[in-house]
Amino acid sequence: MTDRNDNDHRAKFDLPRETIVPLERIELRQIEGSHPYELRHRVGIEAEWKRRKAATPSLFDGRFCLMERLALSADGVLRGAFHIGRYATFLHWLARREEGIEHLFAHAVPVLSDGTLLAVRMGEATLNAGRVYFAAGSFDADDVHDGAIDVQGNMLREVAEETGIDLKRGKREPALWFWGGTDGASCLFQRFAMPFSSNEMEAFVQDHIATQTQPELASAVVLRSLDDLPTNAPAHMAPFIRFHFEQAAGLGDEKDGERP
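Quick note on the numbering used here: the sequence shown kicks off at 1 and runs consecutively.
Mixed in with the good hints, there may be bad ones.
[Claimed, not checked] 20 Å max Cα-Cα, derived EDC-like pairs, lysine to aspartate or glutamate:
(1) LYS12 to GLU68
(2) LYS168 to GLU124
(3) LYS171 to ASP146
(4) LYS53 to GLU124
(5) LYS168 to ASP114
(6) LYS171 to GLU124
(7) LYS12 to ASP75
[What the hints assert, rightly or not] So the derived label-pair ranges between C-beta atoms look like this:
(8) SER113 to ALA175: 17 to 23 Å
(9) ASN7 to ASN232: 18 to 24 Å
(10) ALA11 to HIS145: 24 to 30 Å
(11) SER113 to ALA11: 43 to 49 Å
(12) ASP75 to LYS50: 30 to 36 Å
(13) ALA235 to PRO22: 30 to 36 Å
(14) GLU246 to ALA55: 38 to 44 Å
(15) ARG42 to ASP75: 35 to 41 Å
Just so you know, these hints were derived from the structure itself, not from any lab.
None of these values were measured; they are calculated from a predicted model.
Each residue gets a CB set at the ideal place from its N, CA and C atoms; glycine is no exception.
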């Protein structure tokens, strides 16, 4: 990161780094007004947005949750505070990784009946074209209810929009897992055991993509082991995939369904 006061950043974002830990509870509350980073970089944010919009016309400057504080307590409670700001502000930070913001997002991880994981490859018109993730979207204003972020609602909505899959047809793992990156990006993971095979789910997602005029996704990606993850995958993916396959035997599915 550049132009960063590490002591100040650590005080605001007191998180374990590069380790997967279980959470007991999440409390993410909204602060009114603009994020200090957004106020500090108004001119640069606008210039960065114009450049990115010209390169990727499909980008939309929506209302984005910008974290100002995050801390994980000894008893497993992740507490944080955020402002509603511009997606353009997030993109400006993403290019610089300066102090004051931590990108927090959530991944629902579909675990299929044959033991595989279902990820997706992003489409060519997206900011992260070609990269492989679990279907997800960053927290935005639609995820905020009564001043708090609805993490479960975000995961259900984003997976349904991108893949057509209704995660409620599966069994949600009770545990929610946290992984903190050293680059200012931290991820929440939760697994959903789905009563469908990899062939069924892959075909379903491909059918869903085919119905869209401007799909976010290029394809479904079935992960049978960590070896199936592309080398250009973001840093948070490999640790959780490794973690999952090391102790996946305790996860099963108990529901039946006709279609995802």
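Hints versus structure:
Restraint check for LYS12 and GLU68: satisfied, since their Cα atoms lie roughly 7 Å apart, inside the 20 Å limit. For the given pair, LYS168 sits about 29 Å from GLU124 by alpha-carbon distance, which is inconsistent with the 20 Å threshold. For a cut-off of 20 Å, the pair hint linking LYS171 to ASP146 is broken: about 27 Å separates their Cα positions. At roughly 15 Å between alpha-carbon atoms, LYS53 and GLU124 fall within 20 Å of each other, so this suggested pair holds.
A threshold of 20 Å between alpha carbons decides the hint, and for LYS168 with ASP114 the separation of about 19 Å falls inside it, so the pair holds. Note on LYS171 and GLU124: the hinted pairing is violated, with a Cα-Cα distance of about 32 Å set against a maximum of 20 Å. Distance restraint check for LYS12 and ASP75: the Cα-Cα separation of roughly 18 Å lies within the 20 Å cut-off, and the hinted pair is therefore satisfied. In this structure the supplied range 17 to 23 Å holds for SER113 paired with ALA175, their Cβ-Cβ distance being about 20 Å.
Under the hint 18 to 24 Å, the C-beta atoms of ASN7 and ASN232, about 33 Å apart, miss the expected range. A hinted range of 24 to 30 Å holds for the C-beta pair ALA11 and HIS145, which are about 29 Å apart. Our hint of 43 to 49 Å for SER113 and ALA11 holds, since their Cβ atoms are close to 46 Å apart. At roughly 46 Å, the beta carbons of ASP75 and LYS50 sit outside the given window of 30 to 36 Å.
ALA235 and PRO22 have their C-beta atoms about 20 Å apart, which leaves the hinted 30 to 36 Å range violated. Here the CB-CB span from GLU246 to ALA55 is close to 40 Å, well matched to the stated 38 to 44 Å. The hinted window of 35 to 41 Å between ARG42 and ASP75 holds, with their beta carbons roughly 39 Å apart.
In summary, the numbered hints that this structure violates are 2, 3, 6, 9, 12, 13.
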